[in-house]
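Engineer: Going down the list, the protein sequences come from chains A and B.
If you use my numbering, the first sequence closes out at 190, no skipped numbers anywhere.
If you use my numbering, the second sequence closes out at 1243, no skipped numbers anywhere.
In case anyone wonders, no lab produced these hints; they're calculated from the structure.
Incorrect hints may have been included.
Here are a few chain B residues that face chain A, going by a calculated C-beta distance under 10 Å [unchecked claim]:
| hint | residue |
| --- | --- |
| 1 | 1051 |
| 2 | 1188 |
| 3 | 1209 |
These stretches of chain B come out as covered by chain A in the derived footprint (C-beta under 8 Å, 3 or more residues) [unchecked claim]:
| hint | segment |
| --- | --- |
| 4 | 1068-1081 |
| 5 | 1174-1187 |
Just so you know, these numbers come straight off a predicted model, no measurement behind them.
C-beta atoms are modelled at their ideal positions from N, C-alpha and C, and glycine is treated no differently.
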Amino acid sequence: MTDSGLTGSQTVGPYLSIGLLRNPITARLVEEADPRAIRIRGRLLDGLGDPVPDGIVEIWQANAAGRYNHPSDARLEASLEEGFLGFGRSGTADEGRFEFVTVKPGPVPWPDGGLQAPHLLVGVFARGLLKRAVTRMYFPDEGAANASDPVLSGLDRRTRETLIAESAGDGSLHFDIRLQGAGQTTFFAT
Amino acid sequence: MDAERTTFPIIADLDRQGADPPYDFPEYVGTRLRAPKEPLVIVPQTLSELTGPAFGDAAVGEFDNDLTRQHVGQPLGERIVVAGRVLGCDGRPLGGQLVEIWQANAAGRYLHVVDTHDAPLDPSFSGAGRTLTDGDGWYRFTTVKPGAYPWKNHPNAWRPNHIHFSLFGRAFTERLVTQMYFPGDPLFAYDPIFHSIRDEQARERLVSNLDLSLTEADWALGYRFDIVLGSRDATPLEDLHDD
């Protein structure tokens, strides 16, 4: 196998907030007053179920119409939205808790045709993680779309269930990320 | 319908080749309770993976690329220039890329509440920088050389001098956080984080080179650090159908 020439990953270490938790990149993808705003809360947990306070969680998503703010997404049927980038970053210093305010993305295409259910891509960095861990978060109120989603429907039940957020009583969504151990979140090779 | 079993290919992380370290590397004690152990699932690269954020000039302030000018006074330590190119794996320069860095001060102390190393903070140094690459992929920071510092990983453990780098690439799959080291550091031999990259060539690519052409005469020594970004496991859809 030939050497790819890629630059390799190293851990963010415990002092990541110095470089990565600074404006203007925040966990607020839309204004809280936006009538479409949803709140996603969760905890980053280690193999003992203990919180990971020295991590960050990043999300990347399409806008409410299902359009990515990126030149590779040139579809005409879904429009870009002024001011919506679709990227957010939250620290976990408060006992592993992260929180995003965003909008639910629209469905996005699958390469063979068809649609993927609304989802976020989620990246995790932490002290003790030598490289990023990548997962997806799906929405609990999208039963039909989730059932036909090409990724979810190719996963066994345990693997699949780790990817679907729960509805919390207050209207927010809850999505814990377990790095290791029982109930480990499913991570993808990227 | 839930599948009975996962129909996508899966791969054990320890079987993956390439420039990245494995998650599970017990010599770095912090990995022991945090390294994912389940196999990784390989799904096709969809529009979700093939897109990612790009940031404009608004993400960068006037002194963000000069860590020696962010305060009234000048920081103590050896002033250096760190510069290089951000490239795709096809060798093409990546312009307009946000580069974020953070580091310890010259005494080996981070401006962070959990850093309890008994070395002085520098009131003239915060240790955070960012910039955008130009059209040829070049970035350039002025800073001070970070000091080595002890950590609790094993008895008498010291980290080699390093600067943390964060990059985005052209797609979410290309996102990278890494560390840049300095040439000839005698602490390399003892550092499990450096050695977590098993491929020697890939490890050496994290070591910057002294570059006199980047030096600002009578002002700052120059170090060159190029960064190559690409997807780790880009698997075309057509390769995934037989398992």
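Engineer: Checked against the structure, which of the hints given earlier come out wrong?
Structural biologist: 2, 3, 4
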